[in-house]
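Model the placement of chain B on the given structure of chain A, informed by the hints.
Heads up: the protein sequence lines correspond to chains A and B, in order. Per the working numbering, numbering of the first sequence is gapless, rising by one per residue and ending at 330. Per the working numbering, numbering of the second sequence is gapless, rising by one per residue and ending at 1344.
Keep in mind that the hints are not guaranteed to be accurate.
[To be verified] When the alpha-carbon atoms are kept at most 30 Å apart in a straight line, the in silico DSBU-like pairs for lysine-lysine are as follows:
#1 A/154 with B/1035
#2 B/1142 with B/1215
#3 A/122 with A/82
#4 B/1035 with A/111
#5 A/111 with A/27
#6 A/111 with A/150
#7 A/150 with B/1035
#8 B/1095 with B/1035
#9 A/82 with A/28
[Unchecked claim] Among the chain A residues that face chain B by a calculated CB cut under 8 Å, a handful are:
#10 50
#11 94
#12 104
The set of hints was computed from the structure by calculation and includes no laboratory data. Glycine residues also receive a C-beta, built at the ideal position from the N, C-alpha and C atoms.
Each chain is listed here by its residues.
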Amino acid sequence: MNTALDVQHLTKHFSAGGARLFARGAKKLHAVDDVSFTLRPGTITALVGESGSGKSTVARMLARLYDPTSGAVLYEGADATKATRRKEILRYRSQVQMIFQDPFGSLNPVKTIAHHIERPLKIHGIVPPGAVTDRVHELLSTVGLVPPDKYAAKYPHELSGGQRQRVAIARALAVEPSVILADEPTSMLDVSIRIGILNLMLALKEERDLAFLYVTHDLASARYVADEMLVMYAGQIVEQGPMEQVLQNPLHPYTRLLLSAVPDPRAGARLEVAPVRRSQYGAVDPVAGCRFVERCPLAISICSERTPELVEARRTQSARCHVTAPGPDV
Amino acid sequence: MTVLDREVVSVPPAVERELLLELRQLVVDYEVPGKRVRAVDHIDLQIHAGEIFGLAGESGCGKSTTGNAILQILREPARVSSGEIRFRGENLLDKSREELRHYRWRNVSMVFQSAMNALNPVLRIGDQFVDMMRAHERISKKRSLVRAGSLLEMVGIDPSRVRSYPHELSGGMRQRVIIAMALALSPELVILDEPTTALDVVVQREILQQFEALKRELDFAVLFITHDLSLLVEFADRIGIMYAGEIVETAAARDLFAEAKHPYTQGLLSSFPPLTGPLVRMTGIPGMPPDLGDPPSGCRFHPRCPHCIPSGGALYSRQLAEKPVLKQVTTGHFVACHLVEPAQ
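Chain A on its own, in the form it takes in the complex (with noise of 0.2 Å):
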């Protein structure tokens, strides 16, 4: 199958404070930590973990925002995390674009929406100059601005959220990318706004053929739009496999954790989360043993001593659990 982005073993790790600058001993937050997939053209691949689970930052190292500390990013079988030519970078900055959270903080309220989406068509040069407009008209009503003049005229502060979220998609699709990476882009959305928004995701999926990465904490959204699914927990992946299958039979008992959580009048009877005291997060100088384990209703004493490796206990469904996919060795 073809492949947009092919992911290898990316990390990234932050000091975390707790000693001066460049002093030995300092504490490293392992915020993203040996972290694998790849991303397909027509798929949507959904990442789905909590706050501070590191899959921003996942996000952030493939749009080029953030260096790794080590690992790769394979586009068209070069790593672009190595790229240093100009013209390289543009090259993957406009193949691989990102959509944030806050679209009242992404596009820059003194300037008109066709000036948003005019800035990438000629920095990058996509279009003559002479066609840019109506490049722009036909960007908006992709996104389904309607009709595009009277869209374009406008300033941000008179959009509503869902609108300026459009607006910042037609900005990156201006650039005719491969690759769309969105980071929660509906989470700051009224619920009613949000299908909406999901649903262009899904349209643009199928028109464009494009690959997305769907970053978000929402699994019921996750699921509406998304084929594969990759779980962050404390900076690494504790699940992965197609959308339906994990949900149907999750592995990793923080998947499950995730799945209880999210509030579905349709589920009847749920479980009730246990509370937990978080002593210290997992991802800061981890020691060895899973990350998971203080909040695991299934740990045993290996547990504790052994970090677990991600390992496929079903076809084409991998987790990191001693318990519910042991390795061969456990």
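Below, chain B alone, put in the same frame as chain A:
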């Protein structure tokens, strides 16, 4: 988690208990020169002791303004133009500033949307409790700090955190601090205004479960304001749906979910995708909420309503011209919609 461990005392169903809060034909206007925006338009609402009442609707429908009016913290240019806000039978609009100061936090408290901004960043958590308690009670600093510690413990935070600054706590912990503060003076009604919107699902569920347990123990009533109807269906006893400043449907939470009558409620319910069961392409609600400075004629939902079509004849002209009023369709289930005829 002390509260969760204790025996739960069963509380009789809310509707049989005494009336705590009553809004009668409440109108709130935002008035600026040359323009008047009616954010809350003649709403009636009743909350009984010990009940969880959910108020849902899109951004700008007037739900937070209603909450602010109940706490009497509306600021210029917003003001209550007419109607009554009765708490235990007494109209708050007749009260003096001093009387209202006693009423806030002691009778009714509020948990605001973003806990990140509700705490003072340069004061320790404990000192913020001390300030609040000493504004309302004669209590020594030492004793209020001890009480702050036990309140924090009640919401699952280590009492030693009274010495922390807000930035040292996570978003979920800050929201718990705000909840502890809202409960400090044992109010009879707690208003939650989008209390968990900024939090992720697991933390949201932990906090709501804890809050439910506290409610069972301390027996206060709750007005839960949110745009996330799926949360209310699970959490509330009764739900009111607001659209463009008006309440368009109220019912027991189960009934509202099972038999929503208003097309707007139905649209809201079909706006959140299911986690279980079959998956279908959903449409949400087309269009946008109206400008309350110039609301649509007749039924305010008519420009977005799938049942409002020009070929509808007499019904169509009624939808455009006549404002529907709340009618009871079954016991305790009220709907304001021309499609619904009242129960005989």
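Pair hint residue 150 of chain A and residue 1035 of chain B, alpha-carbon separation not exceeding 30 Å = 24 Å, holds
Proposed interface contact between residue 50 of chain A and chain B, which counts if any beta carbon pair is under 8 Å = Nearest chain B Cβ about 4 Å off; hint holds.
Do the alpha carbons of residue 82 of chain A and residue 28 of chain A lie within 30 Å of each other, as the hint requires?
-> 23 Å, holds
Measuring from the C-beta of residue 94 of chain A to each C-beta in chain B, is the shortest one below 8 Å?
-> 31 Å, violated
Could you grab the alpha-carbon distance between residue 111 of chain A and residue 27 of chain A and see if it respects the 30 Å cut-off?
-> 42 Å, violated
Take the C-alpha atoms of residue 1035 of chain B and residue 111 of chain A, compute the straight-line distance between them, and say whether it is at most 30 Å.
-> 27 Å, holds
Distance restraint between residue 122 of chain A and residue 82 of chain A, which requires alpha-carbon spacing of 30 Å or less | Roughly 26 Å separates the two Cα atoms, so the pair holds.
Given the hint that residue 1142 of chain B pairs with residue 1215 of chain B, test it: the Cα-Cα distance must not exceed 30 Å.
-> 27 Å, holds
Is the shortest C-beta separation between residue 104 of chain A and chain B less than 8 Å?
-> Constraint on residue 104 of chain A not satisfied, violated at 12 Å.
Holds or violated: residue 1095 of chain B with residue 1035 of chain B, Cα cutoff 30 Å?
-> 28 Å, holds
With a cut-off of 30 Å on the C-alpha distance, tell me whether residue 111 of chain A and residue 150 of chain A pass.
-> Given pair residue 111 of chain A, residue 150 of chain A holds - Cα atoms ~15 Å apart, limit 30 Å.
Do the alpha carbons of residue 154 of chain A and residue 1035 of chain B lie within 30 Å of each other, as the hint requires?
-> Holds: residue 154 of chain A and residue 1035 of chain B sit about 22 Å apart, inside 30 Å.
When held up to the earlier numbered hints, the structure conflicts with 5, 11, 12 and fits the remainder.
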